[in-house]
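If you're matching them up, the sequences are chains W and S in order.
Per the working numbering: the first sequence = residues 1 to 312.
Per the working numbering: the second sequence = residues 1001 to 1174.
Just so you know, not all the hints are guaranteed correct.
Simulated crosslink set (DSS-like; lysine-lysine; CA at most 27 Å straight-line) [as the list claims (entries may be wrong)]:
{"#": "1", "chain 1": "W", "residue 1": "K233", "chain 2": "W", "residue 2": "K147"}
{"#": "2", "chain 1": "S", "residue 1": "K1105", "chain 2": "W", "residue 2": "K8"}
{"#": "3", "chain 1": "S", "residue 1": "K1004", "chain 2": "S", "residue 2": "K1163"}
{"#": "4", "chain 1": "S", "residue 1": "K1105", "chain 2": "W", "residue 2": "K11"}
{"#": "5", "chain 1": "W", "residue 1": "K266", "chain 2": "W", "residue 2": "K97"}
{"#": "6", "chain 1": "W", "residue 1": "K147", "chain 2": "S", "residue 2": "K1004"}
{"#": "7", "chain 1": "W", "residue 1": "K73", "chain 2": "W", "residue 2": "K97"}
{"#": "8", "chain 1": "S", "residue 1": "K1005", "chain 2": "W", "residue 2": "K8"}
{"#": "9", "chain 1": "S", "residue 1": "K1165", "chain 2": "S", "residue 2": "K1005"}
{"#": "10", "chain 1": "S", "residue 1": "K1105", "chain 2": "S", "residue 2": "K1163"}
{"#": "11", "chain 1": "S", "residue 1": "K1165", "chain 2": "S", "residue 2": "K1105"}
{"#": "12", "chain 1": "S", "residue 1": "K1167", "chain 2": "S", "residue 2": "K1101"}
{"#": "13", "chain 1": "W", "residue 1": "K11", "chain 2": "W", "residue 2": "K50"}
{"#": "14", "chain 1": "W", "residue 1": "K11", "chain 2": "S", "residue 2": "K1167"}
{"#": "15", "chain 1": "W", "residue 1": "K11", "chain 2": "S", "residue 2": "K1163"}
{"#": "16", "chain 1": "S", "residue 1": "K1105", "chain 2": "S", "residue 2": "K1005"}
{"#": "17", "chain 1": "W", "residue 1": "K110", "chain 2": "W", "residue 2": "K11"}
{"#": "18", "chain 1": "S", "residue 1": "K1101", "chain 2": "W", "residue 2": "K6"}
{"#": "19", "chain 1": "W", "residue 1": "K97", "chain 2": "W", "residue 2": "K110"}
{"#": "20", "chain 1": "S", "residue 1": "K1004", "chain 2": "W", "residue 2": "K8"}
{"#": "21", "chain 1": "W", "residue 1": "K50", "chain 2": "W", "residue 2": "K110"}
{"#": "22", "chain 1": "S", "residue 1": "K1105", "chain 2": "S", "residue 2": "K1004"}
Keep in mind the hints are simulated off the structure, nothing from the lab.
From a predicted model like this one, the values you see are computed outputs, not experimental measurements.
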Amino acid sequence: MKDFLKTKTFKLILGLAILMCAFMLRAAYTDGIAIFTQKVIGAVVYPFQKASTEISSAVTSMLQGYLRAEQLKEENEALKEELRQLRDQLVDYESIKNENQLYQRFLDIKEQNADFAFCPAMVIGRDANSQFGSFIIDKGTLQGVAKRDPVITSDGLVGVIEEVGLTYSRVITIYDPGLNVGAYVSRTRDTGIVVGAVDLAQEGQCKMTYLPRDSGAAIGDTVLTSGGNVFPKGLKIGSIKEIRQEDHGVSLYAVIEPFASAYGVKDVFVITAFEGQGVMIGEDLMGSGAAESQTDAGSFSESESSSTEAGQ
Amino acid sequence: MIRKKRIWVFAKYFFYSLLLVIFYAMQTTAGVFSFFGVRPLWVVPIAVSIAMCENILPAAVFGAVSGLLCDLGSQALFGFNGLVMLCGCTAIALLSFFLVKVSWKSALLLGGGLAAIRALVEFFFFYLIWGYENIQLVFIHFVFPTFLYTALLTPFFLLLIQKMKEKCDGQWKE
């Protein structure tokens, strides 16, 4: 070992060490500017570095698909799950949006008619055999719906409950000739009966019969319910499209275009209670016997033909 | 015969140099053989292996070159790693020549030793004396894993250098 310190090799190594120190001093002196040796070594290794970087990039991008296959699969599954959740949320959103719109309309009607008790309902079926647009709703006796309860939308009267089950009800519409509704023309106060007609039902219309010959009703006038024990007073029915003379010539009738189209309705309100519901006019004054001979605000011509109509 | 020897000695050193340059390029390429963000200093185990297999002067020269390569790609003052590696590889060559039997275990020990010394010196001069906060994190997350990774590679390069040396020396010794 002692001999090594005397050898030429040691002196050369010592020279190299001094050279390294000189590099350091020079590098410190130039303060960040590459010295000649650095430049030379850098120039030598640069092509290799460039090639290495390019090869690395190419290989990495080539293998990335394979190496990340499992990760991509998991990511794909996660995204699918997220998409499914978002779709569910969208369905919920649509449902809530519709519900919100329904309740907004419900609120408007409720504000106008404080005595009404409502039951919102959804149309769940339509009678394929009925040409008068009768339909089934998803509310029944469990929700307080009863036979003869009026069915409306925010636009106006649609019909009346004709048959009621525990969780469903069947509604007949104002296009049905079997339903008579006591009504009056809002401008002239002329009264009559709104009833369905086979020919008019095809066109989504009904008629108001028993208008007096001297009636001042005109096209465009609004027709409202006159009130009684079946329908509350003031429900909008429709507007007069045409006024014609009855065949017998004694009175006139008006062709009505209902505000609420029963053929396309999806959400309705059932008026389960209102002031005066089920009370016959004059019942309080004349007793129940007298009531039978009095007129009714609305009736079923088939089942209750003994009851005459309101306002007559 | 002498001409043949010179050619093969030159070829051997050329291969060593090429090996150093190629692995230096790999060392400075982001993401290559990177585990958890830690990359080895490829040129250190190569220089150690050369030092274990070759004479003292070539060991010192290749040590110095590998150190300078490290300096080229690091924030250290140019020549700093050159000096450390020059001294380290000279010492390894002397140890291998006089005291230690060349094997994968000694390669691991000597390679690990030099990598540790280089890492500690660098850590001392570039982090510790400047009084940075939380420098222990630098040591735990960067210096120590790099040292470990570098040390573990030495036996593989020793095998490679031994094969290259055998191949080249065998050509003119025949």
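Now the hints, each set against the structure:
Straight-line distance between C-alpha atoms of W/K233 and W/K147 comes to about 18 Å, which keeps the hinted pair within the 27 Å bound. Under the criterion of a C-alpha separation no larger than 27 Å, the hint pairing S/K1105 with W/K8 is inconsistent with the structure, at around 31 Å. In summary, the hint linking S/K1004 to S/K1163 is supported, as the alpha carbons are separated by about 19 Å, within the 27 Å threshold. The hinted pair formed by S/K1105 and W/K11 fails the criterion: a straight-line CA distance of about 31 Å is larger than 27 Å.
Taking the CA atoms of W/K266 and W/K97, the gap is about 14 Å. The hint holds against a cut of 27 Å. At roughly 118 Å between alpha-carbon atoms, W/K147 and S/K1004 are farther apart than 27 Å, so this suggested pair is violated. Note on W/K73 and W/K97: the hinted pairing is violated, with a Cα-Cα distance of about 35 Å set against a maximum of 27 Å. The suggested pairing of S/K1005 with W/K8 holds, with an alpha-carbon distance near 22 Å, which does not exceed 27 Å.
For a cut-off of 27 Å, the pair hint linking S/K1165 to S/K1005 stands: about 13 Å separates their Cα positions. Simply put, S/K1105 and S/K1163 have alpha-carbon atoms about 17 Å apart, close enough for the 27 Å limit, and the pair holds. Among the hinted pairs, S/K1165 with S/K1105 is consistent with the structure: their alpha-carbon atoms are about 19 Å apart, no more than 27 Å. Taking the CA atoms of S/K1167 and S/K1101, the gap is about 21 Å. The hint holds against a cut of 27 Å.
For a cut-off of 27 Å, the pair hint linking W/K11 to W/K50 is broken: about 37 Å separates their Cα positions. For the proposed pair W/K11 and S/K1167, the alpha carbon gap of about 31 Å is over 27 Å, so the pair is violated. Under the criterion of a C-alpha separation no larger than 27 Å, the hint pairing W/K11 with S/K1163 is inconsistent with the structure, at around 30 Å. Using a Cα cut-off of 27 Å, the hinted pair S/K1105 and S/K1005 is violated, with the two alpha carbons roughly 31 Å apart.
Among the hinted pairs, W/K110 with W/K11 is inconsistent with the structure: their alpha-carbon atoms are about 108 Å apart, more than 27 Å. A distance of roughly 25 Å separates the Cα atoms of S/K1101 and W/K6; the hinted pair therefore holds under the 27 Å criterion. Distance check on the hinted pair: W/K97 and W/K110 sit about 20 Å apart at the alpha-carbon level, within 27 Å; holds. Between the alpha carbons of S/K1004 and W/K8 the distance comes to roughly 25 Å, so the proposed pair stays at or under 27 Å and holds.
The suggested pairing of W/K50 with W/K110 is violated, with an alpha-carbon distance near 79 Å, which exceeds 27 Å. For a cut-off of 27 Å, the pair hint linking S/K1105 to S/K1004 is broken: about 34 Å separates their Cα positions.
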